[in-house]
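Chemist: In order, the protein sequences belong to chains R and C.
Under my numbering, think of the first position of the first sequence as -12, with each following residue one higher.
Under my numbering, think of the first position of the second sequence as 54, with each following residue one higher.
Since the hints were derived computationally from the structure, they do not count as laboratory data.
Built from N, CA and C at the ideal position, the CB exists for glycine as well.
Keep in mind that the hints are not guaranteed to be accurate.
Unchecked claim - Mimicking DSSO-like on lysine-lysine, the simulated pairs with C-alpha atoms at most 27 Å apart in a straight line are:
| no. | chain 1 | residue 1 | chain 2 | residue 2 |
| --- | --- | --- | --- | --- |
| 1 | R | Lys77 | C | Lys443 |
| 2 | R | Lys447 | R | Lys468 |
| 3 | R | Lys354 | R | Lys468 |
| 4 | R | Lys77 | C | Lys419 |
| 5 | R | Lys447 | R | Lys422 |
| 6 | R | Lys396 | R | Lys354 |
Claimed, not checked - What the simulated footprint calls covered on chain C by chain R, stretch by stretch (three residues with Cβ under 8 Å from a Cβ of chain R suffice, anywhere in the stretch; the number is not a length):
| no. | stretch |
| --- | --- |
| 7 | 259 to 270 |
| 8 | 319 to 330 |
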Amino acid sequence: MTTTSAFDGVIEEFDPIIGLETHIELGTNSKMFCSCSAEFGGDPNTHVCPVCLGLPGSMPVVNRAAVESTIRMGLALNSSIASWCRFARKNYFYPDMPKDYQISQYDEPLCFNGYLDVTVVTDDGPQIFRVEIERVHMEEDTGKLTHGGGAGRIHGATHSLVDFNRAGIPLIEVVTKPITGTGRYAPEVAKAYVAELRDLMRALGVSDVRMEEGSLRCDVNVSLSREGEPWGTRTETKNVNSLRSVERAVRSEMLRQADQLRAGERIIQETRHFHEETGDTTSGRSKEEAEDYRYFPEPDLVPVAPSAEWIDQLRTTLPEVPSVRRARLRDSWGISDFEMQSLVNAGALDLIEATINAGVNEQAARKWWTGEFSRTAKERDCELEDLSVTPADILEVENLIASGDLTDKIARTVFEGVLAGEGSVTAVIDARGLKVVSDDAALLAAIEQALAEQPDVAEKIKSGKIQAAGAIVGAVMKSTKGQADAAKVRALLFEQLGVTE
Amino acid sequence: MSDASLNSDLVRQSAATLATAIARGEVSSEQVTQAHLDRITEVDGQVHAFLFVDPEASLARAREVDAQISSGVIASPLAGVPIALKDLLATRGVPTTCGSKILEGWIPPYNATIVERLEAAGVVSLGKTNMDEFAMGSSTENSGYGPTHNPWDLERIPGGSGGGSAAAIASFEAPLAIGTDTGGSIRQPAAVTGTVGVKPTYGGVSRYGIVALASSLDQAGPCARSVMDTALLHSVIAGHDPRDSTSINAPVPDVIAAAKSGDVRGMKIGVIKQLQGEGFQSGVISQFNASLEILAGLGAEIVEVSCDHFQYALGAYYLILPSEASSNLARFDGMRFGIRVGDDGQHSVEQVMSATREAGFGAEVKRRIMLGTYALSSGYYDAYYGQAQKIRTLITRDFEAAFAQVDVLVSPTAPTTAFKLGAKVDDPLAMYLNDIATIPVNLAGNCAMSLPAGLAPEDGLPVGFQIIAPAMADDRLYKVGSALEAALVDKWGGLLIDKVPSL
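Next up, chain R with everything else stripped away, as it sits in the complex:
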């Protein structure tokens, strides 16, 4: 595979340094600075008020729940919490920005100096990489632009529509320190970090992180350097919005930069755009002529000064962190570190746990998610959680298997239908006529027919060659289109022939 060998070549010659800035929408009821609903969607410009529309004279008021979520996130990331910090204005003109400045934090973030450990499967087994966190800060989201007539970008558009429902939704931005020493695993570490961050936010209940709705957005920084040389110039790939894309963006940027450096060209410090279709990045605007955001402390807001008592109290509300939870589940399920890491990498852990919690046994839960469903997700190039199958579906199917109404094999066909969007488990079973043929008379008739077609087999079985029964069972399964229970067919066959196993 050319890609792999090209990547190996990059690693032989260069050392990557990566860094991630992740924006995540908090799951608060109201917006960051006003009482409008922060719910996703809604008819355009219905979740708006003078404050989030930036009308002249309006003023922001900080959402306490958002500060609380950010502090809890900071604590979970092992960060220090500022005893006093301010918001700052980031000034730039853009039509999706109601005030033409964004209220953010600049040199006084609420949380700073933390870390997050992530596990990546390496050639030497699962390995922990410590990602150091520079800061976690609060800010507000912008409105959403839709560009008409043109390439969907503002340039070349004939008109643009703006929806301010998203304007003012609380965001937290988590910024890593430069991540060094990841070598060939840089893409996987980047992906594992974002996945871990997502899981942590979900575990904390501060956001449900709906990636398909764009509630988590990543900016990926990459630079390469040769051994003994100072760090290379970095590029920043903006708006990488899925786990898989994070991995691909790091990889493709490493490959591109290596090509450039080998050709004796220099890397330009710039922002780049990621393209989902190709996995490539293309040049955006150059940072060397970057905008000056003219940050200054937001004079409309008083400083945020969380008391030590409040922070201590929030510390007691922290749930089990994902790494501890994984260790617990690994032990409870009796699987290896490696197996656990595969489940995590496949994005199956939460789903399996939910399936078990729904009442399915551990093995069956793991089997479905890592087998059938993982294959489908891979084929469709999507995440497991995006599939249209739920833990309740699995429980329903497992119950039908237990009662003898479905076989494993038929169950797979049922899920094939569910995954294809043909409806619920019951709907698929009904529509496709998928039930075990348990009518003894029908099965006996099929057995008789099979025996008649293969007259020598009955004698072989009677003479003790029981393995010959397979031919009859196979024929019956075929004639019933797989909807018979093979074990039952076998038992009936022996009964018919008066043979005991």
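Based on the hints, put chain C in the right spot on chain R.
Modeler: Leaving out everything else, chain C in the frame of chain R:
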């Protein structure tokens, strides 16, 4: 009494007198409102204090208040009294321009907190008053809608930025007005029009719905012709507002009781050494000194206090204000409200924003946006904005040290009396110097009052006397102000404003 004489009598009454008469049913709010509307019709062609008047809406509101009063509900000590609102306050359904062409046609969908409080108090709005564009100026000549004229001499400026509010009161078009004061925009117009104006403690009156000039300096406050009227209005508009994070959550000082007491015996009054002498007109100084003598005669102890860092106040102010303003005024980009220029399908959004701002903003606004943009720029921030904040801290400390020695500080409000229209339009620096005595208070966030000290002998124009008190000690302004006012009323046989030439 004919209708005409009743009207002319009503417009010359104090707000307190009007409110009492309305509450007693001696006159209706509708009659009082009509009298002021008639006065506006009569004189505003000369004064140009108002940008917007909606007589029908004002009268309708007055009738509502009358109905309330006749049912026995008196919403406040100012119920039924009319008021003029500086056009910087968001008023639902009523055009709000901030004196700028860029907001022409904008009708806010919401009310400023002050407007809500006034409505709840049964105060009746007469309309919106003229101002320097976005409150940037000291003469109201920077209005996008033409200047306001000083009722004392129509050739002269009424001060600024709240020249419209001050002139409306001084010309008896309204008994009360709301102003905003970022560097003196309530006090300096009060001084040059012979009226009273107070900049309350920062955070004392909600800023929600007041279009921001410089958020850390802006403060709305009351304007009237007497200290008592000012106190009544102050108590209606002040108080905590959860929609303004910088609003102080504490009881409002009892300014009405203070205005009633008028007793300065045993009080220590500090004269600020740095705010007299060079640059101050001789008649301003003489009237200021005469007022000091009166206060001494009433039993106050007068001492001189040095505020060493005040000399840097103007410089610091003209970095902090433009910095905040450059950001506050960014939203006027033609995208969502106000005018839009160049949207012909041929120009990009950036070009439309730029053309809108080019056409919509006046020269002073552009000047300050450029100053502020520069001062906040990467590489210059520390040298300009950062240093200015340090000066601000030093000025605050000067005040703290001074208030450790004295109860209030005093100075002339403005260095000169009203100058001629056009005299300083080409010299921004000379214009900025008008606010030399008022700016330190905004930087420190404490409170101050300007009230008439008399007429300068050389030009017969009003001189303002400034009283400054610590943060949340607004009541001291009224105590000293009412004492001085009472003594002057005795001396003059009435308020200074009674001497204003008839229009």
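Chemist: Hint by hint, say whether it matches the structure.
Modeler: For each hint, the structure was consulted:
Distance restraint check for Lys77 of chain R and Lys443 of chain C: the Cα-Cα separation of roughly 22 Å lies within the 27 Å cut-off, and the hinted pair is therefore satisfied. Restraint check: the Cα-Cα separation between Lys447 of chain R and Lys468 of chain R comes to about 26 Å, which is no more than 27 Å; the hinted pair holds. Restraint check: the Cα-Cα separation between Lys354 of chain R and Lys468 of chain R comes to about 24 Å, which is no more than 27 Å; the hinted pair holds. Restraint check for Lys77 of chain R and Lys419 of chain C: satisfied, since their Cα atoms lie roughly 20 Å apart, inside the 27 Å limit.
Proposed proximity of Lys447 of chain R and Lys422 of chain R is contradicted: the alpha carbons are some 31 Å apart, above 27 Å. Distance check on the hinted pair: Lys396 of chain R and Lys354 of chain R sit about 13 Å apart at the alpha-carbon level, within 27 Å; holds. As drawn, the stretch 259 to 270 of chain C meets chain R at 9 residues by the rule of a beta-carbon pair under 8 Å; at three or more, the given contact holds. As drawn, the stretch 319 to 330 of chain C meets chain R at 0 residues by the rule of a beta-carbon pair under 8 Å; below three, the given contact is violated.
The structure fails to meet hints 5 and 8 from the earlier list, while all remaining hints are met.
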